[in-house]
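**Student:** Sequence:
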Amino acid sequence: MFFRSVVLFAVMAFTARASGCPGDFDNNRQVDFADFLALAGAYGSQQGEAGYNAVMDMDTNGSIDMADFLAFANLFGQLCVAELTRLTNNETIELHPAWSPPDGRKIAFLSGFEDPELWVMNADGGDSLRLATSIAVDTESYTTLAWSPNGEQIAFSSARDGNAEIYKAAANGEGLTRLTNNNAEDLYPSWSPDGARIAFSSNQDGNFEIYVTGPEGSDLTRLTNSSVQDLLPVWSPDSKKIAYTSIGVDSNQNEFAVISVVDVVSATVTQLTADSEGSLLPAWSTDGTRITFWSSRDNARTNYGDMYVMNADGSEVTRLTNQDIWDDLWVDAAWSPDGSRVVYSAVGDGPLYVMNANGTDVRRLTNRENAEYFPAWSPDGRKVAFLSRPETTFDIYVVEIPPE
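The C-terminal residue of the sequence shown carries number 404 in the numbering used here, and the numbering is unbroken.
Check each hint, because a few of them may be wrong.
Only pairs whose alpha carbons sit at most 30 Å apart, straight line, appear in this in silico BS3-like list of lysine-lysine [said to hold, decoys possible]:
(1) Lys241 - Lys383
(2) Lys106 - Lys383
(3) Lys241 - Lys106
(4) Lys240 - Lys106
(5) Lys240 - Lys383
Simulated DEER-style distance windows between Cβ atoms [as the list claims (entries may be wrong)]:
(6) Asp238 - Gly214: 13 to 23 Å
(7) Asn252 - Thr318: 21 to 31 Å
(8) Ala54 - Ala196: 55 to 65 Å
(9) Asp127 - Glu91: 34 to 44 Å
(10) Thr289 - Asn150: 19 to 29 Å
(11) Gln253 - Glu91: 19 to 29 Å
(12) Thr268 - Arg130: 19 to 29 Å
(13) Asp287 - Thr393: 36 to 46 Å
Calculated directly from the structure, the hints in this document are not laboratory data.
Only a predicted model underlies this, so the values are computations on that prediction, with no experimental measurement involved.
A virtual CB, placed ideally from N, CA and C, is assigned to each residue, including glycine.
Start from the sequences and build out the full structure, keeping to the hints where you can.
**Tutor:** Set out below in structure tokens:
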């Protein structure tokens, strides 16, 4: 009876519709023992033979062989996610999808790389609206736009008037306001959670420092004063502190990157990581008690590293991944709205993964071998928007998050 059931299942699997998830031959969203039995029943079949199933030919070489078993083994035990939803389909590159707070009804993004434009669309991809042109994007393509907490405006950096300045635009397209006015480069705007200030990096005093300004461009305040480049400010959830990355060269002419935090009221700076540890890209947890970051501290090869998490004071550092990849291919992680999980891009030009905030229960979110970057959680924690490159350009996709 058992043998007959296995054979019947294998035959059913031959005619099963492909699920879009490698290894899930019976479309139950689980890569499980039933799938193993189906693959075993098809083992040794070649294209053209009766019963051949191209879905099980995971390396697409025309034969269901040991290579397919090895590929299946890497997927065994995984929960498959829902089909991806493609939101954009343009002939140019898209960047930085960002959900509107507090309800996630809109997604802002940049379109184009030579002369990027700021767009906003509905969360289902409809009703796209261009808000601004000539967006300033640096060579590493780090975040250059930030929603106001009420979801009504977007801050961004644009070179529309000759050099990079901070602007804001209404999400309905009705207004554009310039917030800074100098001959320097003003980049990386970050809107405080309480809506009172916008932080950014500027080299108006010789090298990049962290500044804050009011949402109307008033009360400009310089918070840092260092000999290195202070970049990529990120607000703490209580709007009292800003984490940022400092990049410089030490006395031996070795480049270094450290993570520091500055108190917004006192301008007191606290360095959280050591110069020798190569740390950057901080991201606050929802409750403000922890910070994820990238670091090369445990890797012997320069510029290779992994994701870590530490307490907000720099203590109790925990390594979360063990990927051994080049830093230019690793894009910052994103905390879930409830602070329980982290989504990140893995293995360089590879898929997205999600894991618990302590590094356990790692799950693969996407099933294609495409470069997938800039993950962003929806405010309700049910979806993640990200960039994927199915053809020659990057477009924005959304994937549902499997339950814990």
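**Student:** Against this structure, judge whether each hint is valid.
**Tutor:** Structure-based check of each hint:
1. Lys241 - Lys383: With a Cα-Cα distance of about 28 Å, the restraint between Lys241 and Lys383 holds, given a limit of 30 Å.
2. Lys106 - Lys383: holds (13 Å)
3. Lys241 - Lys106: holds (27 Å)
4. Lys240 - Lys106: Since the Cα atoms of Lys240 and Lys106 sit roughly 27 Å apart, the hinted pair holds (cutoff 30 Å).
5. Lys240 - Lys383: holds (29 Å)
6. Asp238 - Gly214: 13 to 23 Å: holds (18 Å)
7. Asn252 - Thr318: 21 to 31 Å: holds (30 Å)
8. Ala54 - Ala196: 55 to 65 Å: holds (58 Å)
9. Asp127 - Glu91: 34 to 44 Å: Since the Cβ atoms of Asp127 and Glu91 sit about 20 Å apart, the hinted range of 34 to 44 Å is violated.
10. Thr289 - Asn150: 19 to 29 Å: holds (25 Å)
11. Gln253 - Glu91: 19 to 29 Å: violated (43 Å)
12. Thr268 - Arg130: 19 to 29 Å: violated (41 Å)
13. Asp287 - Thr393: 36 to 46 Å: holds (37 Å)
In summary, the numbered hints that this structure violates are 9, 11 and 12.
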